[in-house]
Structures are given as structure tokens and as C-alpha cells.
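J.: Going from the sequence shown to the numbering used here is simple: count from 1 and add 1.
Some hints here could point you the wrong way.
Said to hold, decoys possible - The calculated lysine-lysine pairs, modelled on DSS-like cross-linking and capped at a C-alpha distance of 30 Å, are:
1. Lys-126 - Lys-38
2. Lys-126 - Lys-420
3. Lys-74 - Lys-214
4. Lys-170 - Lys-126
Calculated directly from the structure, the hints in this document are not laboratory data.
Quick caveat, the model's predicted, so the values are computed rather than measured.
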Amino acid sequence: MQETVLPGAIAPQSTLLYLLIPLLPFLGFLINGLLNKKLSGTVAGLIGSATVLGSFLISVYLFTTFEYQYTVKLFDWISVGTMQIPFSYQIDQLSLIMLLLVTGVGFLIHVYSIGYMHHDENVGKFFAFLNLFVFSMLVLVLGANFVILFIGWEGVGLCSYLLIGFWNKETPNNNAAKKAFIINRVGDLGFLLGIFLIYLTFDSVQYAEVFQKASTMQIGTGVVTAITLLLFVGAMGKSAQLPLYTWLPDAMAGPTPVSALIHAATMVTAGIYMVLRSNVLFTLAPDTLHVVAWIGGLTALFAATIGLAQNDIKKVLAYSTVSQLGYMFLALGVMGYSTSLFHVLTHAFFKALMFLGAGSVIHAMSNEQDIRRMGGLRKALPITFLTFLIGCLAISGIPPFSGFFSKDEILEHVYQHNKVLWGIGLLTAFLTAFYMFRLLFLTFFGEFRGTEAQKHHLHESPASMTLPLIILAVLAAVGGFMGAPMFLGKHYLADYLSPLFTYSQRLSPGAFGQHLDHNTELMLIGLSVAAGVLGIVLAYVQYVSRRVRPAEDDARRAAPESLVYHKYYIDELYDTIFVRPVMGLSKGLYRFVEQGIIDPIVNGLGRVTLGGGHLLRFVQTGYVGLYLILMVTGIVLILALNIFRF
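Based on the provided sequences and hints, a complete structural model is requested.
T.: Next comes the structure, spelled out in C-alpha cells:
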């Protein structure tokens, strides 16, 4: 193992601890995977949770003692000619924050899963997959080059496939898993091509070398624009942006803890992390940044409109995730790098909280997920209701909850760059508050609309599920103060991350450090909060005062509502444009190649062989006289051939 100190740094003596962070969850994966049938569900859950907790505690220790950026080369990995790619880790502010996020939120989801998956017949396998998911994300975060990042990138893609289709006895779950896997392969192709182009351009894939060489290039260079566009294609797939977002809502087919892990701590944040890590390249490509900002803004608004009419409790949260990821890319597109990461953190708190809260509701409702069959649950599930309310207030941007600080900071950055995108962001904030409180009111207020059996089954979830809810609710309530300069006089998160963006600040100093005048800031804050409050009030009037209920069938829906309810028929469009032609082509090729060429050749050879064997079997008669005749005939033929040869 070799340590490489970045410029101006002194390597600490705790590098072995960094190796334990991913290795502990991998150990949990091995134990639960190999002893799946021998361990009880509780023991498997404790093993899986303990390994992630160990990684979290080590991450906390290293975070509090961190002083310098440095890399650790574990071993020489790929060595082909001049291509030298070591297996190495990079330790800096970004990787440390992501380590805390992945292991901290991941641990709470593991604990929650002990209660939620208690009665499942494959609990050991489930926790093995969860541990492997966390391990893959940690490899992605710690990698010191694009190839190691790509290994973790593909690892989380594999784990999402395994966990989305975990209940694989049902065909829709398998279809959802395949859909996630295939759509992500589309994005991953772009990402892989981007890595190839990085190596061809910079003769390296190591972050430090690539970014140092890139910092000497001119802004707007064509090759850097091409690289960043290809990398962003990968991010669009992994982080569910237009047009590669359709896999994420369908991923709700997996167990609810899986949904929480995908949406809050692992897979969908990978695309944001990759762009943050590659901030030097993206700063050099302003055209790409425009694409990122507009894709992010349009995705945020588009997904928010779909969330207005969804009735599956998890689907509403899924579209809210797509929308919030759009917010993060919107921030990245205007070079609000630390702001985007700030929203990643606050979103992890309130989105994990709401998914786990939804799981608590589903658990109490005997696996019912349709909010039209719920109502009045706040009395039976008081802890779930209060924590879910905090999550809704946070995502709606209501002060002083965490989402207010990060969302307001994004809107402020966007306002300085593009007023149209700011308007899109503000409208999205209003829609978000409306559909999230629509979800809250239809689920927890009014009269119960389920069956008598469901009503009899209603109860608060066990402590293993409610305790993570309470912890996440506290984080969702106060987590925004890590980046609240208007209250604390200092933006701790931005100051902590600033060394990561030194090159970017040098390349484009005008995009950093801008400050609006005090009155404009207050106006933007007021408009942002007013949009959230207006959305909440309108939702209350519609679903509590007027007691409006979603339509039960398409016949009762107006055309605009039906269009949104059916998600603009995007899935049907993709099915018509891509799936059916490919299936038709594959069937045509099957008939032409398989049945028309391969089958006749293979079957013909088989028939010749069988026919030859059928004829030769007559030779094996068992009569010695016949064998002598054949032998003499053979000798005569050999002699004749020799005579005529000469």
C-alpha cells in the first residue's frame, strides 16, 4: 500500500481505517450471503446493521480528525503498455461527507429493515444485498480515478437490479428490475465513452492528474465539452433525469427500505457525486453546464406535475425524488457545486424519512399502497404521522426545516444566472408543497377509507422502525443549519468544501462568491416560502376542507388530469418507439437466422450423423465370416491403390 500526498499535504497514519469502511459491509454481505439459510432474520439484520454502523463510526472518527487531502494506492491494477491504472482511494472533503451520508443513513435503513422484513422468508439474502449495495456505493465514493468510480457505479446498478426484483415471484417486480437495469445501461454507455475520451485526451484517468492537466486548457474546448456531455449522459441514467428517468418510479416494486436506500443514500446520488467530483471539467464546458441546468430544471418541473395525480404512496415519493434530483442538477448547471451537495444531504434526511414513513403506513395497512384506501391514520400512527409531517415541511421548503435552506440557496444561485430557470424552480417549489401535502392529508386526515380488516390491523410500527424515523426527523428538522449563513453568519458546508473547487474558482471566478443585495435576498426568500405556504394552503382547502378525493377511474377524470395521471404516456411512447420495434426485429432475426440458417445447418448435420450411424450399424453383425470378408476386401483395395499409384 502506497500513500500519495496531494500538493501541500502531509499524509496521516490512518489509511488502514479507510480500507475498513467498505470492507465491513462487504464482510456483512459474505456472512449473510453464505449463511443465508442458517441465520434467523433478527441475527442477519443485526449483522448487516452492525457492519454498516462500524463503517459509520470509522467515518465519523476520520471526519473529525481529517486535515489533508491524499490518495492511497492499494496495488497496481491495470498495466498495459503506457496505461497504468492503480487501485487507489482518494481522501478529501467530498469523499468524507459522502461516507457519512452513505453509512449514516444506510445504517438507519438497515435497522428499520429488521422490523419491516421480519416475516420475509429470505431476510438473510435481503441484508446481504443491502450490504453489497452500501459496499458498492462506498467504492464509488472512495475511488481515486474514473475506473474505480465506474466499478462502484456498475455495482450499485447490479444491486438495484437484485433488490428491485427481490420479490421475484411476481412478474411486475422482475419487469421493474429489468427496466432499471436496461435504462441504466443506456446511460452507462455514455459514461464509459466519456472515460475512454478522458484517457485519450489526458493520458490518465486519475482525478488529480486529469484535473490538473484540464485546468490549463481553454474554457469551451470542444473535447472537454464532448467529455462532459458523455459523462452527463451517465448521470442522467443513474440520477433519473429526462429522458432516462422512467426506471425510478417503477423501482418502487422493491421492498420499501430498498426504495429509501436508492433514493436517499446510494444510487441516485451517484450522478450528482460524479459531476461534483468532475467540477473542473464541467467548469471548462459552459455549453454542457447550460444543458445540465435546463435538463435539471425541466426534470424538476416535469416530475412535479406527474406527482400531482399519483395515488400510490411510494410513486408520489418517487416522482418527488426525480424532481428534487432535477433541483440538484439545476444547481450544478449554474456552478452551485456546494449548494447542490447541500441539497443532496438535506434531501437524504427528509426523503429517507418519508420513504420509511410510507413503509410504516404500508406495514400498518397490510401492504396497501393506494392513498385512496387510507385516511385518518394520524390517530393510529402518531409517531409516523408527526415524523412524516416534518419530512413534508422540509421538502416543501418551510423554515426552519432543512429543505428551506438548501432549496432557497439553489433558487438564489439560479436567479443570478437565468431568471426563466428561477421561475421554473419557484413553480416547482409550489407544486412540490401541494402534492406532498396532498399525500399527507389523504393519508392521515379525514375518515378511514380502507376495509374493516385493515382498520382492525392498524397499529404503530415497532421500535426498530420508529426509532430511525425519529432520528431522521430530527435531522430533517435541524440539518439545514450546516449551511445557514443568514442565521449563523458562516456557511460551514461551503467553507469546508471550498478546497475542492479551487481550480474551478480559478477558471471561472465570476461564477463564485457573488452576493445579492440584502433586499433581493429577502425578496427571494419570501417568494420561496410563499410558494411553499400557498401549496400547503391549497392542498388543505382541496383535501381537508372540501374533502375532495382522487377519481377511481379514468371516466371521472378531466383530460388534463388523465394526461398527468398516466404520466404523459411516456412509458407507452417508449414502448412504441423502442421496445416494440426491437422485439419485432429480434423475432424477425430469430426466424431468419435461427430458423432459416442455423437450425437447417445444425439439424442437417445431426441428420447426416444419425443416417451414417444407421448405415454403419449394419456392419456390426457379430458374424466372424463377414468380418473376414471385409478385412480381405480392405487388404485387396489397399494393394490395388498401391499398384495403381506406381
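J.: Please name the hints from earlier in the document that this structure breaks, with their numbers sorted from lowest to highest.
T.: The structure breaks only hint 2.
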